[in-house]
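With these hints in hand, go ahead and build the complete structure from the sequences.
Listed below are the residues making up each chain.
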Amino acid sequence: MAIDDPVIYCEHKYLYYHLKADKLPEKGLPTGRARIAREGRDLTIVSYSAMLQESLAAAEELTREGFEVEVVDLRTVKPLDTDTVLASVARTGRLLCVGESFPWGGATAEVIARVTSQGFHLLDAAPQRLNAKDTPIPYHPNLWSAHRPNAQNIAIKARALLRE
Amino acid sequence: MPQVPIIMPQLGESIAEATIVDIKVKPGDEVADDQEIIDVETNKAVMGVTTPCKGKIDKITVQLKETYPVGAVLGYVEASEADAARFAKQAPPTPQREVAEEIPTRADQEVAPARERKIAARDGEGARVGDLPVPAVTKGATFMSPRVRARMAELQLTTADLAGIMGTGAGNRVTIKDLESFLHKIENQTAHEASAIRAGVADAMRRSWTRPLSTIGSSVNLDPVLDDRQSRDPKPGPGLYALRALALALSKNPIAAAKLIGNRVVQSNSIDVGIAVEAEDGIMVPVIRGADKTSLLDLTTKYKELVDLARQRRISPDMQAGGVATVSNFGTFGMEWGTPIPLPDQTLLLGLGAGKKVPSWDEEKKEFVPRTEAQITLSFDHRSIDGGGAGRLLKRVIELLENPKEL
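Residue numbers (this note's numbering), protein chains in the order written: chain A, 1 to 164; chain B, 1001 to 1407.
Hints should not be assumed to be uniformly reliable.
What the hints assert, rightly or not - Chain B side only, calculated, beta carbon under 10 Å to chain A, not exhaustive:
no.: 1; residue: R1147
no.: 2; residue: R1149
no.: 3; residue: E1154
No lab work stands behind these hints, which were simulated from the structure alone.
Cβ atoms here follow ideal geometry from the backbone N, Cα and C, with glycine treated the same way.
Laid out in structure tokens, this is it:
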């Protein structure tokens, strides 16, 4: 992180599969600045942390159906980079927020709240979000993978939104 | 003693709510079983609401002239244990019973009028009012997303402008992409700025077209008018005869030109009739005030002045406003019939087609005789007037035109 304050890392263990030493950035990451992880024109998926990888995989799957999905990596949720999200929604007109936390409130809800209040006129379909199920987190690997969003159900949700 | 609710019954298949028009009892009154105690009015008929069982009226929770949904609790009857138990057994396992069971627990709450409930019910999918489904999701061809609306506002487009777009969204709704590709397509075509008068006519016609418009027509013998015309100086055109005839017919029957606004029938105090005049790139409709009190001679002079002003586009909006009906003489373009659209703030439009010599059967001579016939049409807002009313008015206009000395 490119800040002077002390930083405590709570790492998402799932990210170990994706954080390879040769892919690590050389400079520290800025706070409050989202990045466009993938460009597209049909739908904006806003995500962060481990769900970014699932969203990118879903976007890849949708390419085969002729959809170009833009994926925004929030990188930090507070501060939240509303401008980048709004600019992306302005390009696509559709928004899907994907998060791994519980559905009640949270970062995905905040993104949708901001987009609807500041960018209502940008939306061509009602914004949607996909979160983990509202249950305790199961231990068994099969149950755990059914509990959290993954590339398949992100793609299903995205497809429905694209057909609106 | 137990309280048994008095419930707004299911009054018909497509009826979701009814308005209270009469309450025949007051708290404390003794009532019999199945006694009519409240009169309610639906859009079809007035019906009685009966008591669920014998007892004493405990309270009436509704107000006169308010509208309540089917299944709403209208009041309570204080009944004996036995009667109340019988009611509970009789009540069918329908939504009415659900309401009946649920509401007494909050009997102190007033029943909200139907309109408020409906809005509240829209919040969720599968919302129901009096067990009838309320569409919760707006999708399909008529739905416009905020994005499409914002873009339309930016470009000053109206829904009518988008009529040519085939939507690709859910239920064929027009998406922002459909709109943008449509705009892109028209960019390659020749275009110029519409004149103010064109835009004005477009706006008026679009607003008028939101109403259920209908047109009826008949033929009229124009020979009496054409003969009468020769005897007058200056010579009024057939359009002016029609205007005068319409004004006289309306002076006897002004309600025919009334407008329906909400639940009110609004009637003008003066028979002011407009006449459509073609101007460059549009139509102007100068209005002749008190046309029923103006002689045909004065009408002719007035009309000439107004037409001159209209052609020079020097007619002010005031001079075109406030008419109760309009006459369109589309016969001047050689047209025999048409279905003109009434002005958005008017109920009636009388159209006159071109005269044509036709053989007409003469019952006395038992032979065909030539006569000049024209088609005369009356376009009307079917919310305000029906075919019968419009027909009688048109018939009177025809009678007057065939006896022009009365004009």
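* May I ask which of the numbered hints given earlier this structure violates, with the numbers listed in increasing order? => Hints that this structure does not satisfy do not exist here, as all of them hold.
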